[in-house]
Structure formats: structure tokens, C-alpha cells
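K.L.:
Residue numbers (the numbering used here), protein chains in the order written: chain A, 1 to 110; chain B, 1001 to 1115.
Hints are computed from structural coordinates only; laboratory data are not their basis. The model shown is predicted, which means the values in this text are computed figures rather than measured ones. For every residue, glycine included, the Cβ atom is placed at its ideal position computed from N, Cα and C. Mixed in with the good hints there might be a few duds.
Derived EDC-like pairs: lysine to aspartate or glutamate, alpha-carbon spacing no greater than 20 Å straight-line [stated by the list, open to error]: (1) Lys1057(B) / Glu1069(B); (2) Lys67(A) / Glu1030(B); (3) Lys97(A) / Glu1079(B); (4) Lys68(A) / Glu1062(B); (5) Lys97(A) / Glu1062(B); (6) Lys37(A) / Glu1062(B); (7) Lys50(A) / Glu1030(B); (8) Lys1057(B) / Glu40(A); (9) Lys50(A) / Glu1072(B); (10) Lys26(A) / Glu1030(B); (11) Lys97(A) / Glu1017(B); (12) Lys97(A) / Glu1072(B); (13) Lys1003(B) / Glu40(A).
Beyond 10 Å from chain A on every Cβ pair, some chain B residues (computed) [what the hints assert, rightly or not]: (14) Ile1077; (15) Thr1083; (16) Arg1102; (17) Glu1103.
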Amino acid sequence: QQPVQSPQAVILREGEDAVINCSSSKALYSVHWYRQKHGEAPVFLMILLKGGEQKGHEKISASFNEKKQQSSLYLTASQLSYSGTYFCGTERNQGGKLIFGQGTELSVKP
Amino acid sequence: DVKVTQSSRYLVKRTGEKVFLECVQDMDHENMFWYRQDPGLGLRLIYFSYDVKMKEKGDIPEGYSVSREKKERFSLILESASTNQTSMYLCASSLTTGHSRREQYFGPGTRLTVT
């Protein structure tokens, strides 16, 4: 039931791009994305509702493929501040309860 | 800004003790959540509450109970702490289900060690 994130970890150089995937075996109502920096609380990035929309937040964007029950988070021209662990949270119905993936650890090096 | 606070950042308890973790939010959110975070397992939902005195089990409720007597406060109770409950505990809150702005806001976490 827990969504599967891939990759588990990725190391980038500043300015490089990355994609993080989140896949569910169940039909989804929405997907949330959060970033957690070391020693801090997770912080909300964006919500995607079923319908295949794509959203953006600075140079971070995401898509939701309803047919595949998969969401992808795109980080372009990565900055050092993007380092952290990224979690997707999936919502199966409009009930507010999220099931989080295991996280993807992203490290951006100078 | 939404603020979610947790009563302790670090807590050390002995096996068998009753443990209370407190969470308070100041944005009048209807929903409140308790998660535990363990390396490689992500955030796992223990309990959540969508209204005062209402609660629903999450994915790993065994060994835990909760209390929500006031809208702004959600407590997690470990009736008899065990070493396998050593973890980081995160509280979160959000607006009501169906609201377009229902992202979750997290507290700083409580790192609980049970010896």
C-alpha cells in the first residue's frame, strides 16, 4: 500500500537535473510532495490532483499520470538548497489521510 | 504562518513507562496527525483526528493511543513504552478534507529513546 519512490538516493552537481518518481498500486485522488532537510520538519512543496495536471514551484515541478498512478518530481538546474529527502504522500480519496513513500535522499554538491 | 509545536525535541524513557507526546497547532486546523519516522521506512501514520474527540487508526496504531479534547491539541500516548518504539515522532495538521489548501504542516519532531 505504501507508494514506491525511485531512486532511493541521488547525488547531483549544482546545475544538474533530477527526476524522482512515486508509484502506487492503488487508484489515487491526489499526490503531495514534501522536502525534509536534515534535522528539520518536512515542508510542503505541492499537491497534484487526479487529472494529470502539472504544477511548478520555482525550478521544481511535478506531474501526475492518473492512468499509471504515478507522479514525478522534476528538479531543474539544481541548487545546493535542494539537498534533502523528498517524500511523496498519496491520498486515495478525499479523506485527508496520506500514505508516504520511503523517501528519496537528494544531495547536491558544488 | 502555521505553527505546529511539540512538547519535547528529545525524550528518554524506560521500558514500561507511560509516555505522553503533546502537539499544538495555532491555525484552527481540523485535521491532526501523528507519524513515526524511521530510516528507510519514510513517514508512517499512527493515528489521525479529523475533529475534536474523533480519531481514526493509521497504518501502525498498535501500542499507541491518542487524545483530542481540544481542537488545537493532539496527544499521542504510549501506554507501556517498549524499545521498538524508539523513533522520531512527527505531528502534523491540515485544513479539513475537501479543502483545496489541505497540505500538511509538520512540527519539529520528538526523538524518543526507550531504554
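K.L.:
All the hints need checking, so say for each whether the structure fits it.
P.N.:
Here's how the hints hold up against the structure:
| no. | hint | verdict |
| --- | --- | --- |
| 1 | Lys1057(B) / Glu1069(B) | holds (17 Å) |
| 2 | Lys67(A) / Glu1030(B) | violated (31 Å) |
| 3 | Lys97(A) / Glu1079(B) | violated (24 Å) |
| 4 | Lys68(A) / Glu1062(B) | violated (33 Å) |
| 5 | Lys97(A) / Glu1062(B) | holds (18 Å) |
| 6 | Lys37(A) / Glu1062(B) | violated (29 Å) |
| 7 | Lys50(A) / Glu1030(B) | violated (23 Å) |
| 8 | Lys1057(B) / Glu40(A) | violated (26 Å) |
| 9 | Lys50(A) / Glu1072(B) | violated (31 Å) |
| 10 | Lys26(A) / Glu1030(B) | violated (26 Å) |
| 11 | Lys97(A) / Glu1017(B) | violated (30 Å) |
| 12 | Lys97(A) / Glu1072(B) | holds (18 Å) |
| 13 | Lys1003(B) / Glu40(A) | holds (14 Å) |
| 14 | Ile1077 | holds (20 Å) |
| 15 | Thr1083 | holds (22 Å) |
| 16 | Arg1102 | violated (6 Å) |
| 17 | Glu1103 | violated (4 Å) |
Consistency with the previously given hints fails for numbers 2, 3, 4, 6, 7, 8, 9, 10, 11, 16, 17, ordered from lowest to highest.
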